[in-house]
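Protein sequences, first through last, are from chains A and B.
First residue of the first sequence? That's 1 in the working numbering, and the numbers climb one at a time after it.
First residue of the second sequence? That's 233 in the working numbering, and the numbers climb one at a time after it.
Check each hint, because a few of them may be wrong.
Unchecked claim - One side of the interface only, derived from the structure: several residues of chain A facing chain B at Cβ under 7 Å: (1) M1; (2) D57; (3) S84; (4) Y140; (5) P141; (6) R142; (7) P204.
In short, the hints are calculated from the structure, not lab data.
Here the structure is a predicted model, which is why all the values come from computation and not from measurement.
Using N, Cα and C, we set each Cβ at its ideal position, and we do this for glycine too.
Each chain, written out:
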Amino acid sequence: MSMVEVQTVRKVYTRDTQEITVLDGISLQVPEGEFVALMGPSGSGKTTLLNLIAGIDRPTSGSVLVAGTDVTRLSESDLARWRSRNVGFIFQFYNLIPVLSAVENVELPLLLTSLSGKERRERALTALKVVGLADRSGHYPRQLSGGQEQRVAIARAIVTDPKVLVADEPTGDLDAKSAHEILDLMGTLNKDFKKTIVMVTHDPRAAERAHSQHHLEKGVLANGSGVTAAAH
Amino acid sequence: MKFLPFILKHLRYKWGRTLTTVLAMALCIFLFCTLQGILAAIDDLMASTSAKRLITRHAVSLVFNVPLSYQSRIASVPGVKRVAITSWFGGSLPAKKEGKAQTEDEDEDQDELQSTTDWSQFFTNMAVEPEPFFAMSPEYPVAPDQFRDFMQDMQGCVIGRKLAERFNWKIGDHFFLESFIPPYRKPSGPFEFVVRAISDVDRAKYPSADASIMLFHHKYLYQATGERVAAGTYTIEIEDPDRAGEVSAAVDALFANSPAKTHTETERAFVAGFMAMAGNLALLLNGIGLAVSFTILVVTANTMSMAVRERRTEIAVLKTLGFTSAGVMALVVAEALMLALLGGALGVGGSKGIMWMLTHLPGLREALAGMGLTTLDLKPTIALLGAAVALGLGIAAGFAPAFGAYRARITDMLRTV
């Protein structure tokens, strides 16, 4: 069963009077429990494809089905609610909220649920434990290293137990050691917690951790995409 | 409520900016409440005037007295029920000695002290013609036995209950007053008075009636000054309030060709004219309030715009996490409202404080009472109005940046990081 099904998707941006085709009829299937890497040069459209899968952008044409829901047909508010339940997003620059502590950052998506304050806090601490930062729950982002910030961001992404994790260059701002740890953590989430992961990366070593790699070139999937990684 | 800590944390993060914005809002609401409080007190004063009373004064200015001979002629005008001399005495207690108001026990150094006055102990005092005055002034009720004693003692006076409590004066106590108006001073020193009656002013029925007033015989003033003073004003009670204009014109017509022409008007118009000596207060005070409110609106809107601009990434993250556009907009407006609420509370509290000071600090209290502003206070309706203005400003200031956050697309905001 496909967790993500991208069907003949086109994405065209209009700048002034000029039309720029970023994605040109892309189709892609990601089975449930897969760890997929999207690779390609800058401007190839991989982040745009990731945004479409995450439901934070809409295609010009085509459809995107995630966990059986055609996200292109949802209204803005329904799409927001859908995101909160189904997708965890990991950013390159972590994007933690500086005024909130680690546990409060992780708790943030749970504010949209009907959980009590105590339940929210328990879940957030559990998520921090999963990423190995239970002892830093009271620390603010400025008090954490880049790798630790990214781990908090991953905890925030998984705290609602989403079906799909999307990661936009999650190791792009990290040193080699921290990047290795983050990739290990993502591997664990995929293997042990059965999360379907779609990751955009420039880093071949990061891509090697995925089960399959898809290469984008000027808005289309290049030949040879779908190579199963040896690590699987 | 679960979002409240989130909002408060943001406000605390840039505490300097939060503090200055809150203070600006507080100043706005403080000015609004205080100015509206003053206007309300003036309105109360106007409302408490009697429609049945006219005031006749010198046509040129209140500074000039009106001849005593006019009284009988005014009384003869059809529609006039009674006429009473009412002269603002402007007396104050001679300078304090050892921190106490001067009384008859402390007058040994009177000659030395008579040229000085203690303005901090000032209160309204009027020389009146008792019988007609009290007959037409139900706001100052006096017990019959006390009134009889007052009428029998030329140095006797009637004081309001608040004045009695303030100086702990009882029936039979003596005190001295000296006017700052030269014709009302006598060579032998301050005027001596004896408390003969205490009036329990009905503040419920007459909210602006002065419970700190002191009223005494005009005859005493007249005789003590060598029969040289005339009447400051005449207070006229008329039979029919609907004929006020006609009676006023008839009174003024009597003296149209005399050296001391008169100007007669309703008590309300007289009070309004008295207030108007300070200019068009309502326009001035409302103008100040509006200008300040607009400035604060711009300041707060700018603060909120800066806050939203700085937090574009955060807004993008919130939306990515599943916060709806309306939810994000509500958070921004709530933050502006929180600023407004804090500022509003501070402003209302400050206004309440200044009102208390104005009505309790010696000197200021009496100066206001002298102007008739005895009901100066922050009324609950004005405090609520102040809070509503603060909330209105908060919503207005927060709306534009909040709408920007509502409309912003996640991908655009993430791209501009």
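Going by Cβ atoms only, is P141 of chain A closer than 7 Å to chain B? violated, 12 Å
Chain B contact restraint on P204 of chain A - CB to CB distance below 7 Å: Hint violated; P204 of chain A Cβ to chain B Cβ min 25 Å, cut 7 Å.
Closest C-beta approach of Y140 of chain A to chain B relative to 7 Å, hint status: violated, 10 Å
Mind checking the CB of M1 of chain A against every CB in chain B and telling me if the closest is under 7 Å? violated, 24 Å
For the restraint on S84 of chain A, tell me whether the closest CB of chain B is nearer than 7 Å. Interface hint status for S84 of chain A: holds (2 Å vs cutoff 7 Å).
If you take the shortest Cβ to Cβ gap from D57 of chain A to chain B, is it below 7 Å? With a minimum Cβ separation of about 5 Å from chain B (threshold 7 Å), the hint on D57 of chain A holds.
Take the shortest C-beta to C-beta distance between R142 of chain A and chain B; is it under 7 Å? Because about 11 Å separates R142 of chain A from the closest Cβ in chain B, which is outside the 7 Å limit, the hint is violated.
Violated hints, in rising order: 1, 4, 5, 6, 7; the structure is consistent with all others.
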